Amino acid sequence: MILQVTDLKKSFSGPEGTFSILNGVSMTLDSGETLALTGESGSGKSTLLHLVGGLDQPSSGKVLIDGEDIVQLDDAGRASVRRDKVGVVFQQFNLIPSLTVGANIAFQARLAGRNDPDWNADLTQRMGLSEQVAKYPEQLSGGQQQRVAIARTLAARPKLVLADEPTGNLDEATADTVMALMLDLVAETQSALLMVTHSERLAAQTSRRLHLRAGRLA
Amino acid sequence: MIKLGLWTLLSHWRRNPMQLFTLVIGLSLATALWSGVQAVNAEARASYDAAAETLGEGQFAQVTSTDGVIAQDDYIALRRAGWQVSPVVEGRLQGLRLIGLDALTAPNGLGPVDLTDGALTVETLLGGVIFATQDTLDRLVDVNITQVASADVAPGVFLTDVGTAQRLLSMDGQLSRLIVAETQPLNRAPLAEITPSLSLRPPQGGSDVARLTDSFHLNLTAFGLLSFAVGIFIVNGAIGLAFEQRRPVIRTLRALGFPLRNLVGLIASELLVLSVIAGAIGVGLGYLVAAALLPDVAATLSGLYGASVSGTLQLRPEWWLSGLAIAVGGTGLAASASLWRLAQMPLLAGARPRAWAMQAKRGRFIQALAAVSLLVAAGLLAALGSGLFAGFAMLAALLIGAALALPLLLDVVLGFGASRARGVISEWFWADTRQQLPGLSLALMALLLAMAANVGVSTMVSSFRLTFTGFLDQRLASELYVYTNDVDQAAQVQAFLKPRVEIVLPIRAATQDVRGLPTEIYGPTPHSTYRDNWVFLQSAPNAWAEIEAGQGAAINEQLARRADIAIGDRITLAGEPFDVLGIYGDYGNPIGQALVTESVFEALFPDIRALRFGVRMPPEDVPALTNALLAEFDLPDANVVNQAGIKAFSLDVFDRTFTVTGALNVLTLAVAGFAILMSLLTLATMRLPQLAPVWAQGLTRSKLGQIEILRAVILALLTTVLALPLGLALAWTLLAVVNVEAFGWRLPMFLFPADYARLAIFAVVAAILAALWPAVKLSNTRPADLLKVFSNER
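First to last, the sequence lines map onto chains H and R.
Numbered per this note's numbering, the first sequence spans residues 1 to 218.
Numbered per this note's numbering, the second sequence spans residues 219 to 1012.
It is possible that part of the hints are untrue.
Once the Cα atoms are required to be at most 30 Å apart in a straight line, the calculated DSS-like pairs of lysine-lysine come out as [unchecked claim]: (1) H:K135 - H:K159; (2) H:K159 - H:K9; (3) R:K716 - R:K865; (4) H:K135 - R:K995; (5) H:K159 - R:K221; (6) R:K865 - R:K921; (7) H:K135 - R:K221; (8) H:K62 - H:K9; (9) H:K135 - H:K62.
Derived CB-CB ranges, DEER-like [said to hold, decoys possible]: (10) H:D69 - R:V494: 24 to 32 Å; (11) H:T177 - R:G483: 54 to 62 Å; (12) H:D69 - R:I220: 41 to 49 Å; (13) H:E131 - R:K921: 32 to 40 Å; (14) R:S554 - H:L64: 37 to 45 Å.
Footprint (simulated), chain R over chain H, 3 or more residues, beta carbon under 8 Å [as the list claims (entries may be wrong)]: (15) 72–80; (16) 94–101; (17) 107–116.
These are calculated hints, taken from the structure and not from any lab test.
Please read these numbers as outputs of a predicted model, since none were measured by experiment.
Just so you know, even glycine gets a beta-carbon here, dropped at the ideal spot from N, CA and C.
Make a model of the complete structure from these sequences and hints.
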């Protein structure tokens, strides 16, 4: 089991008092498994993804990645988990604008000390980015940028891939292509995929689905 | 991992060289102004130190006489009585100061001169040697004596042994003063028993000149700090914007697992390296600024205090090290808030570009509180404080408080504009300007400080100039001044003039030391020209009548301050005692002056004949008489000078005196203009997401560019309006507090609306120039780039 979430809660303090966004979520995910997390806007999908990725801290509960509770880790420890075990694909791509496409793709793998130029070249070619490696992100279309973001994540061969609306900014055809590529590559690398999406069509392509409603799994 | 992180961070500069340029140049300019001023100060202080070391000034007690001359026999008597004293002979040689010391008995030997130099044989030394800087030696003509260049001798001073000095100054058997060694035998007889006419002056802890000029250097340092503060505003803005623009990258790096601590460390190291590079450039630029300013500073110090300062600059470690230190410290100061925010920033904090200084309500409240506190502190210091430091503290509180208040005040004004706006473009304009304010506020603060300094200092200098002009009108009462070549010609000219004018006033002068200070002694003819126009700053009752009756003397303010002479004190002129009955203002004269009446002067200096004459006559007759004089006598044009010519010359000396402040003013204003340019350029890259929707809805790119210029003009004008009262408050502080402490006199404050209007135009032009480039860039932005805002939603 690569991921185990137990009774995860998250609440925020605002001017109108405290409100809960997650109310005790528990779930698991195995290697090679793909899971789609769906739900209405504000149901807590992205928050759950951020907590699982160690990008934010829960109010209570446990998040075990590869058997290690990342909630108990300090900032440096969580950074280490993100670097070595987790890869995040953001809806807004979050590429580094000052680096070329090639450098962006290799970036996380180099950070994790697992840079494999052959694998990077293979990914680049399969993502249809071979012509773009010397360009900068601003010179690419949205679909191309998203493919770079996915390639960057997979180049590091993480055990857990977290994707937050990875095709949310793409048209349907491009979204299908990107999704198919991502699922193929996740299967090939034996990673686990946890994907947040609004799209029933995309969710149907994963091996398992969970629906979040008002901070609880339905 | 560290290497990868560093490479990624540096790639930002590679892709955004303008930001790097802003940061480095901003810091370099700030350092340049600071280190330039410090270099000037260090050079001047080194000159004073050299003088102090040469002359033993301040460090040791001295034996002096009231008439400035000590008989050599008295010195010998003191030595025989056990007094460890060393003779000093001092006077003017070809207009420069000549000091004779006794190398064997002087506590400092021959001051900074190295007598162990192999080239100096005993024979050479016995024959007499003059030591001086090469510059000083170059000014010496027709003196048949060995000359040795020594860089450590004070500028404008010739150093030699006592015997040679006595020979050169025709002071055989005479000494000027005696330096008293620190260690003295306990059983020596009291001074009064051995030489009753001599007195002991205790050590004064530092050279007189250094103390006199301290306030001037404090003034310069304050200006340097102000310039540096303006520079730091630029650096702060540049660093803040760099952080803001790199915020998405920082978030991505962290999301990909780069530890925050390493990130903070990397950015701090990167800034350290950049600050050292920029500091080195700044020190280099500062050297150029100092080299350009030093001659004028030397002129100022000479004009105001008679202090001799070398006109050439040396690379002194203390100032270039302090320049580097302040560059690194300034960067640290400017970056500390950004680094702190970065260290505290939650990973998921918004990564979208936004104006870096967009402040939370709490931050604005704290800023307002700090501004009010500082302004109240400035008010309290103005009401209750006294002394130079209170004056500068008040200035600092006033300026920083006003700078902090500026964005808040502008926000209120822009809010008012928005509430009054009619029409959609107008409404958008005011709202958008308000939104831009946080990003521009640091540059506008810099502009405010620079303009306020400009208004303040120019008001002070112009007030001074107006007072000085009035003073010249009083002092230069004669309509014509005639200079003759010799005594015979003087007599002929006098005879020629007498029947043609109201009165001819001979101008006679002798130079003599009064209480150890070189002083010109004048003997004016008793006449209303002097009585009515030479207004005393302080005087005894019926001073002029007493002086004209030969009962006393008047001295200038410089001599009174430097020799600590008050009304009623006694001075010795040519061996005769005189009570000081009046002290008069004598702006611009570097040395002391004393007046006795004509008959007394003739008795004191029977050999001195007048070669110069002041002529009182109807002003309209001056041109005709000038022509007649030139035709009658073989006089060059320069020897017949009308009043206006002398006034022009005097004002030229005055203006040169304040060239430094003028130059620093312009530099500071230029730096502030640069700050606006850089802020606008950097903001321009972040403006597309805000401007693209407006463009999409029908505003042309050129219209948007025009609006950008209009915005800069309005902000510059509003800042100018606020800078004016601040500058006037600054001027008042300079005139009523700092000037009194620094120069010893208080000046009336005048207002110069035309100057302020000119300054406002300058600020607007600077703002237009600064906005022009970003506006042109915006006008030329490709539609595809504007469309990217929508397609990428980045």
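| request: Below or equal to 30 Å on CA atoms is what counts here, so check K159 (chain H) against K9 (chain H). | output: holds (24 Å)
| Hey, K62 (chain H) versus K9 (chain H), does the alpha-carbon distance stay inside 30 Å? | holds (9 Å)
| message | Please verify whether K135 (chain H) and K62 (chain H) have alpha carbons no more than 30 Å apart. | response | Violated, at roughly 42 Å.
| query | Under a C-beta cut-off of less than 8 Å, do 3 or more residues of the segment 94–101 of chain H approach chain R closely enough to confirm the stated coverage? | reply | holds (count 6)
| Taking a Cβ-to-Cβ distance below 8 Å as contact, does the segment 107–116 of chain H have at least three residues touching chain R? | holds (count 6)
| task | Could you tell me whether the CB distance from D69 (chain H) to I220 (chain R) stays inside 41 to 49 Å? | result | violated (28 Å)
| message | Between the alpha carbons of K135 (chain H) and K995 (chain R), is the straight-line distance 30 Å or under? | response | Satisfied, since the Cα-Cα distance of roughly 23 Å is no more than 30 Å.
| Does K921 (chain R) lie within 30 Å of K865 (chain R) when you go C-alpha to C-alpha? | violated (54 Å)
| Coverage claim, chain R over the segment 72–80 of chain H, checked by counting residues with Cβ within 8 Å (three needed) | Three-residue rule met by the segment 72–80 of chain H, so holds; n is 4.
| Whether the CB-CB distance between D69 (chain H) and V494 (chain R) falls inside 24 to 32 Å | Violated, at about 44 Å.
| Are the Cα positions of K716 (chain R) and K865 (chain R) separated by 30 Å at most? | holds (24 Å)
| message | Quick check on a hinted range of 32 to 40 Å for E131 (chain H) and K921 (chain R), using CB atoms only. | response | holds (38 Å)
When each numbered hint is compared with the structure, violations occur for hints 6, 9, 10, 11, 12.
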